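**Q** Chains as they are written, first to last, in the numbering used here: chain A, 1 to 113; chain B, 114 to 226.
Treat the hints with caution; some may be incorrect.
What the hints assert, rightly or not - Estimated spans, in silico, between C-beta atoms of each pair:
id, chain 1, residue 1, chain 2, residue 2, range
1, A, S53, B, N183, 33 to 43 angstroms
2, B, G169, A, P113, 42 to 52 angstroms
3, B, R130, A, G16, 46 to 56 angstroms
4, B, G116, A, G83, 20 to 30 angstroms
5, B, A127, A, G83, 12 to 22 angstroms
6, A, P113, B, G153, 25 to 35 angstroms
By construction, these hints were calculated from the structure, which means they are not laboratory data. Because the structure is a prediction, the values reported are computed rather than measured. The beta-carbon is built from N, C-alpha and C at its ideal position, and this holds for glycine as well.
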Amino acid sequence: KQEVTQIPAALSVPEGENLVLNCSFTDSAIYNLQWFRQDPGKGLTSLLLIQSSQREQTSGRLNASLDKSSGRSTLYIAASQPGDSATYLCAVIASGGSYIPTFGRGTSLIVHP
Amino acid sequence: IAGITQAPTSQILAAGRRMTLRCTQDMRHNAMYWYRQDLGLGLRLIHYSNTAGTTGKGEVPDGYSVSRANTDDFPLTLASAVPSQTSVYFCASKASGMSHTQYFGPGTRLTVL
Numbered sequence: 001k002q003e004v005t006q007i008p009a010a011l012s013v014p015e016g017e018n019l020v021l022n023c024s025f026t027d028s029a030i031y032n033l034q035w036f037r038q039d040p041g042k043g044l045t046s047l048l049l050i051q052s053s054q055r056e057q058t059s060g061r062l063n064a065s066l067d068k069s070s071g072r073s074t075l076y077i078a079a080s081q082p083g084d085s086a087t088y089l090c091a092v093i094a095s096g097g098s099y100i101p102t103f104g105r106g107t108s109l110i111v112h113p
Numbered sequence: 114i115a116g117i118t119q120a121p122t123s124q125i126l127a128a129g130r131r132m133t134l135r136c137t138q139d140m141r142h143n144a145m146y147w148y149r150q151d152l153g154l155g156l157r158l159i160h161y162s163n164t165a166g167t168t169g170k171g172e173v174p175d176g177y178s179v180s181r182a183n184t185d186d187f188p189l190t191l192a193s194a195v196p197s198q199t200s201v202y203f204c205a206s207k208a209s210g211m212s213h214t215q216y217f218g219p220g221t222r223l224t225v226l
């Protein structure tokens, strides 16, 4: 059974810092990995999707990398802003199955001015 | 407006009552999902449907049922609500294929007393 772990569970940083969020998964046979953002009281919004054949994806100040062999992904946020404060979740879809995403429990990020 | 709608936004329900949470998407996505999100437990899949007319059980299906009579609608029914079903419920949808992201609704906050 695929298990997804996100470290740290919570993070508080001053504005302007570059930061890295980590996601690890136990079964490297995956189709893709996604990073989501969730604001308090809201649904999830997709940030980046990395196919299994890709190494990274970038969108603005966000860069997500994927290392299938080690079962790890990182989300890099450059020059963090208070508006980046949210919970960040990663999800993987395992290959050879029913294509159901498995989610991590998220990293709660606070960027303070 | 394209996307996923959920109703109601929130509900307080007496234990033992029947309740249907509604979910509608207008993106013509084949796959739809129901999750519950609880503090400390993250997102857990209740039921899913890969295409109209088919459904499958997720990680925590007991006490819940779903139907998928058409592409757009995926209602979730609690036949006899219990307090442990107090949670925030999210509906999601996704187009077929591994390059497509999941889209989430805004959630329904359900309290069972």
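**Q** Now tell me if each hint is right for this structure.
**A** Cross-check of the supplied hints:
no. : hint                                 : verdict
1   : A/S53 to B/N183: 33 to 43 angstroms  : holds (34 angstroms)
2   : B/G169 to A/P113: 42 to 52 angstroms : holds (46 angstroms)
3   : B/R130 to A/G16: 46 to 56 angstroms  : holds (51 angstroms)
4   : B/G116 to A/G83: 20 to 30 angstroms  : holds (22 angstroms)
5   : B/A127 to A/G83: 12 to 22 angstroms  : violated (40 angstroms)
6   : A/P113 to B/G153: 25 to 35 angstroms : holds (29 angstroms)
Of the numbered hints stated above, the single one contradicted by the structure is hint 5.
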